[in-house]
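S.K.: Read off the chains here:
There are 2 protein chains.
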Amino acid sequence: MKLFGYWRSLAAFRVRIALNLKGQPFEVVSTDLIKGEQFDPEYLKVNPQGVVPALITDSGEALTQSMAILEYLDEAFPAPALLPEDLMARARVRALCMIMVADMHPLVVPRIRKYVTQDWGHSEEELGAWIGNWTKKGLEAVEAHLTDGGHSGKFCEGDQVTMADLCLVPQIGAAMLFKIDITPYPNAKRIFDECMTIPAFFDARPQAQPDFPEDMK
Amino acid sequence: MKLFGYWRSLAAFRVRIALNLKGQPFEVVSTDLIKGEQFDPEYLKVNPQGVVPALITDSGEALTQSMAILEYLDEAFPAPALLPEDLMARARVRALCMIMVADMHPLVVPRIRKYVTQDWGHSEEELGAWIGNWTKKGLEAVEAHLTDGGHSGKFCEGDQVTMADLCLVPQIGAAMLFKIDITPYPNAKRIFDECMTIPAFFDARPQAQPDFPEDMK
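Quick mapping for you: the protein sequence lines, in order, are chains A and B. Position one of the first sequence corresponds to residue 98 (this note's numbering), numbered consecutively onward. Position one of the second sequence corresponds to residue 98 (this note's numbering), numbered consecutively onward.
With the rest of the complex left out, here is chain A (with noise of 0.2 Å):
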């Protein structure tokens, strides 16, 4: 398969981790969203909505959305299972899912922050406190379900490495990057840690990307 994302993407982060766990051998596209890249008409025939990532199967149909994408892979190649049996169970895994994907990713993305910075002019420290702000209130949903009811285990469901931990991975790796202190979501931290120890996971990492700047290293 053929993934079209970029380093810093946090959805394709999502799907590189999914194919890993899956197995499923996949060459990257970097497609540079901060030159815009994403907006080539040639990648638009691919994804009109000009986002990343987008995911060619091998018999050659686009795949957008990453967690259209991850449901995807899971019905195509069923093992490991990445949501669990019991339906209450998979229903937690998803929710899970929505808060950051849903309710924190998209207010963080590059056409928000140039919409905010540009269209409207604010600073880049007013967009760091938009940013902030919208992280930490998410984690702390994330950190209550985690913590409410006594579903979490190793991972965000029990002991089973789930979709909902492909998303807790890039957001917390995210949050780090932005230098917001995640001490107050212990486990969310926990299970990052935990999941730091994968291959799966930490081979999918932004810092281990091909298209990762070299003077970020």
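These are computed hints drawn from the structure, not numbers from a lab. Take these hints with a grain of salt, some might be off.
Claimed, not checked - Far from chain A, some chain B residues (derived; all Cβ distances over 12 Å): (1) K99; (2) K276; (3) I277.
As the list claims (entries may be wrong) - Below, computed lysine to aspartate or glutamate pairings styled on DMTMM-like, alpha-carbon distance capped at 25 Å: (4) K233(B) / D137(A); (5) K211(A) / D308(A); (6) K234(A) / E158(B).
Every residue, glycine too, gets a C-beta built ideally from N, C-alpha and C.
Starting from the known structure of chain A, fit chain B onto it as the hints suggest.
M.R.: Chain B in isolation, oriented as in the chain A frame:
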């Protein structure tokens, strides 16, 4: 079942349609997002994130996040199915959902409006431009997906009602409420009109909810 929602919540609207389609009776608990009732300590015990909807199942468990709830309802009550059988079609449906659920809706919810107008002091006009910008960008992407590849039919994916339609209808309804011109999105508009002929959709509309304001009728 019991649904914590609000007449103008797009996410609660999605869940109401699903419950109607599945023939599951439910009691609505109105949670006034403008008054801030989502932050009442009693509600935070149900959903620590302080957002609607939350669905209390007959066994008393609280499910949150509309997409997780739609997937749960589809697994718990399989008929009529809200996802196609074909894996690629399922991925397309979920991707359409995510454009709306992740990349459009979270940018216009009350907490964002509050930050934009109160924390940043932007005018109602500037807020309107923000809402209009993300609504249009999202609907352009949705329309492109409905047009390209020829997968849409009577509904977003062929002639079967799917989760994508449950996400599309509230989003188009909101665009009309915000007086955004939807004529550039003829497929989306056509599918909205088609869905609204189905009682499960029509009865779930904001205007039909008991908490819809008298002075807006």
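S.K.: So, for every hint listed, does it hold in this structure?
M.R.: Results for each hint:
Even its closest Cβ contact with chain A, about 15 Å, leaves K99(B) beyond 12 Å, as expected for a residue assigned away from the interface. Look at K276(B): its CB is around 21 Å from the nearest CB on chain A, clear of 12 Å, so calling it non-interface holds up. I277(B), annotated as away from the interface, keeps every beta carbon of chain A farther than 12 Å; the closest lies near 17 Å. As the CA atoms of K233(B) and D137(A) are separated by approximately 20 Å, the hinted pair is consistent with the 25 Å bound.
Restraint check for K211(A) and D308(A): the C-alpha separation of about 22 Å stays at or below 25 Å, so the hint holds. Only pairs whose Cα atoms come within 25 Å are accepted, and K234(A) paired with E158(B) is accepted, the gap being roughly 23 Å.
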